[in-house]
Every structure is written in structure tokens, then in C-alpha cells.
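Given chain A, put chain B in place with the hints provided.
Each chain, written out:
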Amino acid sequence: MRTGAILTADIGNVSTRVSIYDLVDGEYRTIARAQTLTTLGLPADDVSVGLERVLRDLERTLNRKLWAGGRIIQPETLDRDGVDYAIITTSAGRPLRAVVMGLMPDISVESALRALSTSYVEPVEVLTLRSSESEEDKLNKLLLARANVVVLAGGIDKGAKDALLPTLNLLTLALRVMETSVRPLVLYLGNAALADTVSAQLSELTEVVVAPNVRPRFDEEVLEGAQPHIARIYELAKERASGGFMRLGTMSETGLLPTAQSYARVATYFAQTRHENVIAFDIGSASSVIVGVFNGQVRTRINSRKGMGHSALATLDSLGLDAIRAWLPFNASRETLLNYVYNKTVRPALVPYSVEDMFIEHALLRAAARDAVVRARATWAIDREANTLPAVGTLLLGGATLTQTGNPQLTLLLAADCLQPTGVTRVLSDPHGASAGLGALAQVNASAAVQLLEGDALTQLGTIVSISGRPRPNRTAAQLRIQYEGERVDYALKGGQVLCLPLPAGETLDVRISLKGNLTINGKQRLKLTLHGGEGGILFDGRGRTFEAGATVAQRAANLTQWLHQATDAPLIDVPESWLAPLEEDAPPVKAEKPRRERPAKPDKKRGKAATAVLEEDQDPFAALPDAEPAAPVKKQTGPLDDDLDELRRL
Amino acid sequence: MYYYPKHSITNALARIKRIVRLPDAASGGVIVLEGQTVDIRDRVARGVLPSRVLILDAAHELRLNNPQMLKNFLLVKERQAVQEKDPIAGKDAKRGRRVFAPANGYVAGVDGGRILFALLPERVELDAGVRGTVAEVNNNREVVIEARGALVQGVWGSGKNLIAIMRYEPVGGILRISRDALDTAYKNEIVVTTQPITAEVLDLAEIRTFGAIVAPSMSAALIERVLAGTVGVFLTEGFGSARMNPSAQELLKEFDGYQVTLDAHLPARLDVRRPELVINRSGTDELREFSPFKRLARGDTVRVCCAPYMGILAKVLEVPRAPQTLPNGLSVPCAKIELSHNGNQVMMPQHCLEWIGA
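Protein chains in written order, with the working numbering: chain A, 2 to 652; chain B, 411 to 768.
Pulled out of the complex, with its shape left as it was, chain A reads as follows (with noise of 0.2 Å):
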């Protein structure tokens, strides 16, 4: 096995992002980072030249070459020039668009649906053997879709062969009557027995990539075996596209991946190693990817049409306008969210500059992520009669909007507001889309990829621990017992807040844990629990599962501005009476009553005085533990609650 410098590459719709690993003491590290606007369009339309600007940029950084005659150098020269791997991925470009074919709808096409869901493929027509339509009718659905793949399967394995046939000829008959340059690629997925007759059938016509049998039996579904065949269909195409994949392709050690695939592998990888239950959410400009391990099965739903840049707009369209608003601190006019919406679907990589932007920004991924988990949990291997999720060991987040606030606090508690996971969870920060080469890169190089993944390739942005129930508002949800460096600190949360408190990557902290009422984290009422620390800290989560941020825009308003101050320290917003007032659209025909406005409450003086008063009337709550250590005299909080939280940040 090679043991030089490994190149990873991640071609999204608006960034091109390249990180380098080396041995560093005989381990696999990061050594550098950069990335760039995706050259798709003119004035390059090549996405080799986004590529070739990160290179350049990054020779100058490691002073050492990486690019050479339009290419990157392979492999590593004895000046330490070039790489021994370069793993590229992408998602840039628009989805497949698929025709699948099959005998039983919910058997074998059901099967290859839910195969094709872990890349960017959109299934836009299903021919199968029971529906009525006539055969001319499905000639013309399979010649009118405008395929850029059909994926034909069905039959089990040592099965009847005679029942795929018909399909099989009326796909090779639409082959026939296409012309050469615009037939699509063919994906077998079915019967094994008769793979050799679907190849010697189709290609003459048009390029056919046989995988292993979806629906070997009919009890059994088996998706592992179709991945790289799915991954070559996927590179087939792109190749056949123009900007410049072709080229990226043959440089890439694995050839061209999408990028979903790699988070599905890196999730099972920690779900595997930690033993416990995984999300990962990647929401793109273009497409949004959520992958669940529950209980040691995976599921991966990518939704090529649910994104916050190129695909905001659909986005918008499929959640509505209310969902958006239901995120947002002020009443917005279904004019000053189109404007947004269409503002980011021209100018895909434009970061919101004003206060309002940032907001209608994060309301808009909040609800996208909200609509991903509801739709992707009828997937995973949970209770689904359940309103909440189990608990989730761990969360890997990808994505620009998520990921790149340049504030770790704040992203935190969009992960929290947007996944709303239960238990203890470790969160982990992908701002440099290295899960995507490095899921890759465990195909060729394993162990590089194991350390990486466990080094420094993904951010530790720390923990969130979160209450599961209804706490009620502004009452003590839970009484926290904090153990830093041999102080100790006692902290009454309220029902319907935050606390985030800083514990640098590294570091952990011992908390104990009692909590109100029917309220539970894991299940449990008391528990004592050594949290790890990382970029944004930990976030104590008293707001309950699942949660919305508030019915009217007045408890909007003041949800979401002291959830932001709790949770990044940043000065509370003054919320301006412009927020609250009534839409014109809205609004009552002239003369009519004015209506009341609310006002949102004044979050800062009345916690004060709520947590103060809750915990002179709570009794300890840790003299039951087990464990506990002789009871201290709880701490009286006298002050405002900043100065706690001053006191608790400066641990």
C-alpha cells in the first residue's frame, strides 16, 4: 500500500473544496485546507480550473507542486511533489433523471428506488409489468422521459427468467427507435440468470453496467452490491456531460464518486465503532442528504430538489410559505421571502448581510432540515408511532449554511433546532466536505481513513444534551450540577431555554444531571454524565422534544432572539416594532380595529427572577444519586442570570 500524501476533492454546485492529508509521526493529518467558487459556466466552464485555482493556491501555502500539464501530479515524487492518492467527489451538475422498470412494484422496483436514493438520481417515470397502461403507451413514457438512465430490475435470483422478458424487449425496442447520441445508459439490477441475455440484448445499442440482484430473494433486499455500480452509472453520465468531469475522472483514484455515497460510509463507520445510533445531514446548494444508522441499519434519502442556493426556490415551493415562517422572529411578507428565495436561487453562494436575511436564511434551513427528518424517519429502524427519535450518539453536519457561520455556538444550536436529536449527542462539523473523499477513500486506503476520521479531518463541535417531554416554560427543567476543575456549579434550566457553556475540543466536563417532572434524557431522570467538549461547547437543551419555535410572531420573536443569545453570547436583539406589525396582505380592511400586537416578553429580566426564585423553592436534587458527592450548599443565585452564565463560561 502507498503511504504518501493523500488529495481529496469535493466539486459541489457552488464550492470546490480540496483538503491534503500527510503522515505526520507515522499517522495520517491534515496539513491543508482551501477552497473556491465551482468553475461551471462560463468564463472557464471546466470544473477543472476551480481545481487547478485550489492547487495553486495551495502549492504556494506547502510550497510544493500539485498540478502539472492540466493535471494533478501522481504519484508522490521523491521531492515530495504531487500525491500517491487523489479521491474526487462530486454533487455539481443536475440529478440523473432515471426511468426504473421492474416486475412488482413494491418488490424489486421499490428495491431499486430505494438503491437509486443514495445518489443524485431523480426516478421520473415507473414502468412495471402490472401497470395497465397499453405498450405503446409505455414505449412512449420510456421515449418522452428523456432518460439519462433506465435501471431495469426484477426476478430473483434462480428464478423464472421468462417474466423480466417482455420488459426487457420493450426497453430494447425504445433503444431502437431513439437516436444513438441521445439513448440512456442501462442499469441491470435484477434476476442474475439473466444478466448475460439483458448485456448481449442492449449492448449494441447503448452502454449497460450489470450489478448484483437487488431482490435476490423475495424476502431479501440487498442494496451494498449495487452502490459502485450505481457510482459507475453515475460517472458514465457525468463524463458524457460537458464542463470538464471527464478529465476530473481520470485523475481520481476511485474514479468520480457522488458525494452522497461517502457520508452513508463515514456515518456506519461511527455508528459501528460507537455503537450507537447516527445522523448525517449535508444540505447543499442544489440537494439535501440525510443518511440514518439506527440500530445498525442504514438508510440514506438524498432529495435532489431540497437545497438553499440553486434549489431554494423549490425548496420553498415544496415546504410552503408558512413552514418558513414558522422560523422567523418577524412577519415576512410572501414578497420579501420570494425576493430572498430568488435572490439565492440566481446568486447561489450569497451570504445573508442584514439581521433579517440571516434569519429568513436559517428559517429556511430549518424547515428543510425539519421536513428531511420527518420524511426520512419512516425509513430508519425506529418506533415510528414515536414522536421523537431514540437517542442519537452522533451527528455529522455538511453544508455550507450549517457548517460555515464562522460561529460554532451558533451552529450548534441550528443542529439542535434543525435535527432535534435526543439523548447525548456528540456533533461533529464537516466545513470542508472532507467526509465525502474520505468515505471514498476507505475503498482504496482504510486505515488512512479510519485516522483521519478519528483525527483531525472532521471539526469536534461538541455536545448537545437534550430533554426529552414538555418542560413548561420558564420553570426549572432540570438542575445541573457542574464538576470543572475541581469547582463545582449548580444551574437551574428552564423549560423553554439554552445553556452553552465553552469546553474546548479535548476537554471534558462532569455534569450531574436531575430533571423535573416526567421529563427524561435516555430515558433516565438522574444521571451522571462526563460530556465532551469541542469548537461550540456543550448545549443544555431544556426547550423539549420535539419543539416549534412559538405559535405567534410575538413568541417567535422572543424565542429565537434568546435562543441566539443563550446559546452564542451574542447581545439579545432588540426586536423593533416593525417585526410584529401585521402584514399588509394580512392586514384588516381600513377603519377596522387595530389589532393588539403582542410584544415579546423581556426575556432577560424575567429569567432573573424565575431562575432565582426556582431554585430557592427546589430541594437538592442529587442527594438521591447513588454516587453523589456530599451535598454542597447549593450556590443562591442573587445576580441576573448572565452574570451565572458569565460565571459558568469562565470555568
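To be clear, the hints were calculated from the coordinates, so they are not data collected in a lab.
The hints are all genuine.
Only part of the chain A face toward chain B is listed, based on derived beta-carbon distances under 8 Å:
(1) Pro44
(2) Arg147
(3) Val183
(4) Tyr343
Only pairs whose alpha carbons sit at most 20 Å apart, straight line, appear in this in silico EDC-like list of lysine to aspartate or glutamate:
(5) B:Lys427 with A:Asp46
(6) A:Lys142 with B:Asp434
(7) B:Lys704 with A:Asp58
In this text the structure is predicted, and so the values were computed from the model without any measurement.
Every residue gets a Cβ at the ideal spot worked out from N, C-alpha and C, and that includes glycine.
Positioned in the frame of chain A, the structure of chain B alone reads:
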């Protein structure tokens, strides 16, 4: 690390590259050669989109004992265009049992005893759109044309392509134009306004039958109306109420009365093509070339493309290495800029700055 800003060119004499590409689903090809000079309305690629296919049981119609013999009874060649009711199969084209074309179309193939008859497909014919030279032909599906001229790249168009005379709005603004439908001035012309488009402006444009309006911005709530109307719209800045940047204003005023090519391309999701306004010009003096390796640097003139400064030109004063904290709390790579309209200095996210090539 360096920042390579997005280009949004507004320049009086630039080397312009334009890509003309057949849609993915269209069969066909390029019909010009590399090095060939093309004019604005010259066809450079031609193709057809897939059309519906009818399955005709010809062997049964012709009472053939052996369906495989059908090929011998075809009266037209495969892919040969035929008119509705033309005979396409039979022993004799003029008498006896025959199969007739059910519509205008062509025989797409024969499958056993059946004829696959394709209805006449929709044709796709692509114009050069600029006067220039064919620089590249890729995969027989894409043409890159190089031209010279004034160029204004926009952010949104309503999907209308137009070659017409461009008129700058009268003093006092576009609404000073009378609403007299009998007045033929501005008819089918491209009218430039420096103010955001309003419903009133659209009313006027429809009454006076403008060809298109070039404007800085409009409310996104008007999109449906614009797309349903006949007047093309080309936006230089974005959605909202931004005013036109001074560089575009000056350039468009300079070419008042010229014939221009307006490609008010309606952006689709994941589309890389930009709406463009091109005024063909000859000459090489001060010809600007645009490199994708242009870095954001001190002294650059840039355009701000996010609220509240959308459409304002600025000069880059400094590009700090470390991320800067914005008023909203986000901390991102920024550049310190001086706004041209009031001289104020602000720290602006790099992603909110576009290089205009001025």
C-alpha cells in the same frame, strides 16, 4: 487563501464567449465548422426532440402470413418524412391493401410485423445570437462562439430572445413615456430603465408594445405576470428594489439607439447560462479579456449583490486574511470596500461581491 470572485461583466469592449448547446434530449448536431464566421441570426445547431410513437400492426393489415416479411413491403425508407395518409406499407403504393401514415411523421423502425411510426417531432434550431467566430465545436452538440462587443451580464431574464434597437428611458424615468397606444415610438424596441420594474411599468410596456425592458430589479411577486406577458424582461441586479449600478447605466446610455442582441434567458435550476445583452462592436482598442484566475484584490471595482447594498459599485480597500464578523453575528471571509455612492467603508462577505470587469 485567495478569493476568485464570480464574474458579472459590464464592459464596453470585451471578448465575449457564448456557448450554444443542444438540449440533452434533442438528437441532431452542429451545422457550422470551427473558424467559421457567423452572424447573429445564423443557425449553428439543429435537432429534434423525441416525439410520440404509434405502434401499427401492419402485418395484420396487410394479411401477411409471415410478419417478418413486413420489411419487404415498406414503401418508404426508415426515418423518411411522410405526410398524413401517405401509404407507408403495401405491395403497391397506389392500389391494394396498404398501411397509411396516421399523421405527419416518419417510420422509426419495424418490430416483427409492426411498424413504429413516430409523429413529426418538434424541431430545435439554435441561432448564434452574436456576430463572431466559431471557436470550438464539442461532441457535435455544442458550439463556442467568440465575439467582440459591449457586454452586460444580467441575473434573470424572462425567456425572450430579441435583436432590436435599444432605447434609454427619457429624462424623468420610463413612466414619462405616454400611454398612447397609437404612438409607435418604442414599439418592439428594448427600453432601458434604471428604476425597478413595477406593475405600472409593465402596464405601460404592454400598452406601448415594447419588445423588452432592461431594468435593475423587480419584485419577485411580479414574475408570474412577466412570464405570462409578451414583453421580455432582463434584470441586471436582482429581485427587490435595487437600482441599476452606475457602470451598467453609463454603458447602456452610451449605446442608446444601437442594435443589440438581448438574450433574456430564463434561468432554470442548475443552469449555468447567464442572461446577456450584447452590442457587437469591432476594434481592438482596450479589448478586455476575462480570466477565471482573476483574484479579488485591492483596487478592484466590484458590485455588491446582497441587501442592503445590492447594485452599488464599490472599490476594494482590503482583503483581510481572517474571517470577519458581520452585524448579524456570522463570521465569514470578507473584503473591506468603499461604497461609490457615499464613500462609506463596510466589511462585506466576499461571496456578496461580483467582479464586473469595468
